[in-house]
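Respectively, the protein sequence lines represent chains A and B. Letter by letter, the first sequence follows residues 3 to 503 in the working numbering. Letter by letter, the second sequence follows residues 15 to 395 in the working numbering.
Careful: at least some of the hints might be erroneous.
Unchecked claim - Cut-off 20 Å, straight-line C-alpha distance, at most; resulting in silico cross-link-like pairs (SDA-like, lysine to any residue): (1) B:Lys205 with A:Ser395; (2) B:Lys205 with A:Ser397; (3) B:Lys213 with A:Lys346; (4) A:Lys392 with B:Ile286; (5) A:Lys346 with B:Ile286.
What the hints assert, rightly or not - Residues from chain A that keep clear of chain B, each with C-beta distances beyond 10 Å, as calculated: (6) Val18; (7) Ser61; (8) Lys129; (9) Arg181; (10) Asp228; (11) Asn264; (12) Ala330; (13) Lys346; (14) Glu357; (15) Ser362; (16) Lys392; (17) Leu444; (18) Phe484; (19) Thr488.
Just so you know, these hints were derived from the structure itself, not from any lab. Idealized CB from N, CA, C, for every residue including glycine.
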Amino acid sequence: MALLSIKNLTIEFPGVRALDNVSVDFHKGEIHALLGENGAGKSTLIKVIAGVWPCSLYSGKMLMDDMEVKFHCVKDSSDSSIQVIYQEMSLANNLTVAQNIFLGHETRSHGMLDTVTMYKKSQEVLKMLGSSIRPDTIVSDLTIGEQQMVEIAKALSRKARLLIFDEPTAALPEDDVERLFTLIRSLKEKGIGIIYISHKLNEIRELADKVTVLRNGCYISQYTRDNFDMNVIVRDMIGRNLDKVFPEQKPFSDRVLLKIDNISLVSNHKKIINSLSLECRKGEVLGIAGLLGSGRTALFSLIYGVFRGEFNGKISFDDKEYIPENPAKAIEKGIVLVTEDRKKYGLVTTGNVKENMIISSLEQFTHNGVINEPQSLRECRRYVDRLRIKTPSLSFPVNNLSGGNQQKVILSRFLMVKPKLILLDDPTRGVDVGAKQEIYALIHQLASEGIGIIFVSSELPEVIGVSHRILVIQDGKIKGEFNHGTTSEEEVLGIAAGVNA
Amino acid sequence: MKTYLSELWEATNKRVLFMIFLLVLILGVFDILSGGYVLRAENLANLFRQVTVVAMLAVGMTLIIVLGHIDLSVGSALGMFGALTASLIAHMDVNPILAVIIILALGFAVGCLHGALVHYLNIPAFVVTLGGLIAYRGVTQYVARQSIPLRIDWIKSIAQDFTPDYFSFSLLALVIAAPVAFTSISHIRLKKANLPFEKPLWIDTLNLIVFALASIIIVLTLTSGDGIPIQALILLFIAVIVGAIAKHTPFGQYVYAIGGNKQAAHYSGISIARNTILVFGLMTMLSAACGIITISELSSAAPDIGDLKELDAIASCVIGGASLAGGSGAVGMSVLGAFIITTIRNGMSMIGIVAQTQKIILGTVLVLAVALDQWSRRKKS
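Using the sequences and the accompanying hints, generate a full structural model.
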């Protein structure tokens with residue numbers, strides 16, 4: 003008997019059929035991975051199960067223990083012991099751990115909040131998860147890994163028979179990932195059903211008992227652990243064979259574009275970067291590998307003029323001294339930054355595709371103070387075609403696009419300013435396999451046009467596969483340098499983690 | 015036929031349609047209740063004169079709200095600059111034209127100061143302009159502690175005169191011809207660039223015909239009385255210019271982007287400081303302009319002019335669908351919102367509803383309008 007069984011689920015939104023006659027069973031004590039590209043329908047399916055999309059929106063049935071259930075809202079599904087741990091943390095940062103864990107179902111005695119009981123119960127749940135977080139800590143003081151732990155504790159403090167993890171490792175430092183996996187396995191041992199969503203196939207291989215592949219809202223295939231073949235699964239996901247993930251390397255010039263000389267950064271009395279020097283040449287793809295907090299993001303912030311703190315050292319760009327001030331100045335010089343957090347620093351979420359694409363290059367399209375509509379539209383179309391952005395129209399709300407397409411919209415925005423140097427901070431985060439490959443190809447195409455590219459990623463195979471040259475950064479210092487093809491994942495990770503420096 | 019209708023329905027902006035429908039409904043109901051008085055030429059002219067100040071403030075307020083801020087000082091600023099204008103002319107014998115220029119420049123400067131305080135010192139706009147609301151009212155009451163009479167005819171004519179017929183009809187021709195010309199040019203250019211039209215040609219044509227008919231009816235009604243109030247021309251001019259700035263210039267686009275996501279706008283190379291200061295500058299300059307119109311209307315400056323006008327302006331924007339969270343709103347819609355508020359007020363006066371009751375009804379309408387709007391949005395998504 004399936005714990006939760008989805009039967010012939012179809013759901014339509016204006017312009018798209020997000021799920022098309024999908025049937026799938028989830029069992030207790032099983033880690034069931036949902037795979038598919040962005041827009042394949044995974045998130046929609048999760049939202050249906052979690053009651054975010056009410057039952058009035060779809061056709062088809064949902065059964066729990068063979069009894070039909072209908073969720074009108076998130077509370078309904080939560081009351082039926084289905085809990086979701088979302089990719090973007092849904093904790094109230096200003097409240098304590100215990101307050102968050104009991105948010106919405108606080109324990110009361112005589113009508114007043116029973117803080118003592120809630121504190122004790124929080125402590126119990128956290129202890130069960132093997133965590134030593136104090137329940138009275140304010141959430142914003144916790145690391146991302148710890149916040150996720152609280153999120154899981156919150157889910158478990160309610161009745162949980164089915165736990166859904168929506169890309170739980172997307173924002174997680176490497177060393178926390180293993181801890182999370184151990185935890186998920188122990189939850190499985192307790193008989194809880196797990197639905198696991200991730201773009202990282204190696205995680206799926208390590209963790210999942212069963213895999214269901216969705217594509218364009220349709221059920222494609224299902225595999226159990228003993229017949230996992232990643233090549234077949236990827237082919238199912240993107241609908242074609244993925245022959246070469248990383249494009250061929252093209253030669254680059256010797257002209258130095260960006261030269262960073264002995265810089266140090268201090269923020270809040272903490273040394274973030276310590277006498278670091280590097281060079282990036284025209285047409286070069288320079289990869290930077292490093293763990294979260296190694297200083298890689300701070301380095302980009304500095305170059306782009308958004309770093310808040312003290313800075314020492316010299317930067318020259320295009321043979322001239324360059325003092326970063328603000329993004330406007332960086333863009334004017336030809337430096338752009340694609341940040342890791344699209345929602346926060348990238349998308350104008352109230353705007354449409356076109357508005358988001360042209361916002362940095364409006365001056366180009368402006369004649370006598372007025373924006374030339376046809377010219378800007380034509381330019382947008384060119385990029386939609388070039389980057390293969392899947393959107394119904396240019397006036398489509400950017401918020402409704404899938405992650406990969408949103409990322410491409412932001413890439414277009416910065417390509418339109420005709421940059422000389424592109425800083426890419428984890429550009430494939432939350433992006434599916436097919437779109438990833440397209441982004442790699444684009445990086446090399448841009449490099450072959452003479453643009454310098456500095457590329458940071460939390461996925462090591464990516465940095466190693468894409469870059470001409472790889473720098474390993476640890477504790478704000480460069481600890482290793484390799485040319486393409488002369489290193490391995492283990493070697494880089496070892497240096498990044500400070501094991502064999 | 016059916017497919018044409020459904021295509022038309024698809025292409026129609028439901029919000030605009032709803033607002034116009036509401037406005038026509040309100041006008042119709044009050045016209046019947048007042049025994050055909052509301053739609054008469056003289057009352058229609060009155061309506062236009064009553065709406066000008068609120069609508070002009072709503073135009074500026076739209077940009078403020080889109081940017082994600084609020085400006086509570088506009089009513090008091092209107093009073094202060096009105097009183098100062100009157101004082102400059104009546105007490106200091108400054109040339110009236112010079113006085114108007116000085117006041118507009120001063121209004122812009124004061125607004126820029128608001129923007130600078132908001133941006134650089136990180137004081138919420140609510141607080142900065144609440145301070146303005148209180149302080150500028152004080153200045154108004156000080157400068158105009160005794161009502162300052164205005165004796166110069168042309169200043170009074172700004173608000174009290176009407177256009178002669180030949181001018182009204184030329185204007186009518188322009189109001190009809192200009193959108194036709196713009197639509198044609200945009201269609202030709204899109205076609206040349208081989209880009210799809212946003213709407214089919216016939217729908218645009220239909221819209222233009224409806225708009226032209228409405229303009230003809232309004233102008234014919236007004237010219238059967240005294241003519242078009244000069245104030246209405248000023249409003250038309252300001253609304254068209256600011257509306258165009260919002261839609262078709264980088265500055266306008268930046269305002270929407272900043273309101274939508276300030277961080278993203280900053281990372282896209284947009285200067286938050288410059289645009290914030292400009293928007294606040296424009297707002298207070300419009301308040302100053304409204305101050306001049308108000309003293310011209312009253313032929314004098316009194317200590318209470320412009321009182322509570324900020325609330326009318328904000329209400330107009332909200333009824334017009336602007337989101338107080340920033341990022342969305344439209345100048346034209348806020349002007350429609352101002353018309354709705356003013357029409358209700360005007361109509362209620364015509365049928366003899368007392369001021370106290372009027373306030374209760376208006377407050378209710380405001381909340382109902384937004385509730386209805388939210389409900390329809392939720393239904394759509």
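Hints and how they fare:
1. B:Lys205 with A:Ser395: holds (17 Å)
2. B:Lys205 with A:Ser397: Holds: B:Lys205 and A:Ser397 sit about 18 Å apart, inside 20 Å.
3. B:Lys213 with A:Lys346: violated (33 Å)
4. A:Lys392 with B:Ile286: It is violated: about 31 Å lies between the C-alpha atoms, which goes past 20 Å.
5. A:Lys346 with B:Ile286: holds (16 Å)
6. Val18: Since the minimum Cβ distance to chain B is about 14 Å, A:Val18 lies beyond 10 Å and the statement holds.
7. Ser61: Answer for A:Ser61: holds, closest chain B Cβ roughly 19 Å.
8. Lys129: Holds, because the least Cβ-Cβ distance between A:Lys129 and chain B comes to about 38 Å, which exceeds 10 Å.
9. Arg181: holds (31 Å)
10. Asp228: holds (43 Å)
11. Asn264: holds (27 Å)
12. Ala330: Not fine: 4 Å to the nearest Cβ puts A:Ala330 too close to chain B.
13. Lys346: violated (6 Å)
14. Glu357: The claim breaks: A:Glu357 does not keep its Cβ more than 10 Å from every Cβ of chain B (closest is about 7 Å).
15. Ser362: violated (4 Å)
16. Lys392: The claim holds: A:Lys392 sits with its nearest Cβ about 17 Å from chain B, beyond 10 Å.
17. Leu444: holds (20 Å)
18. Phe484: Given a closest Cβ separation of 31 Å, the condition holds.
19. Thr488: holds (35 Å)
The earlier numbered hints that this structure contradicts are 3, 4, 12, 13, 14 and 15.
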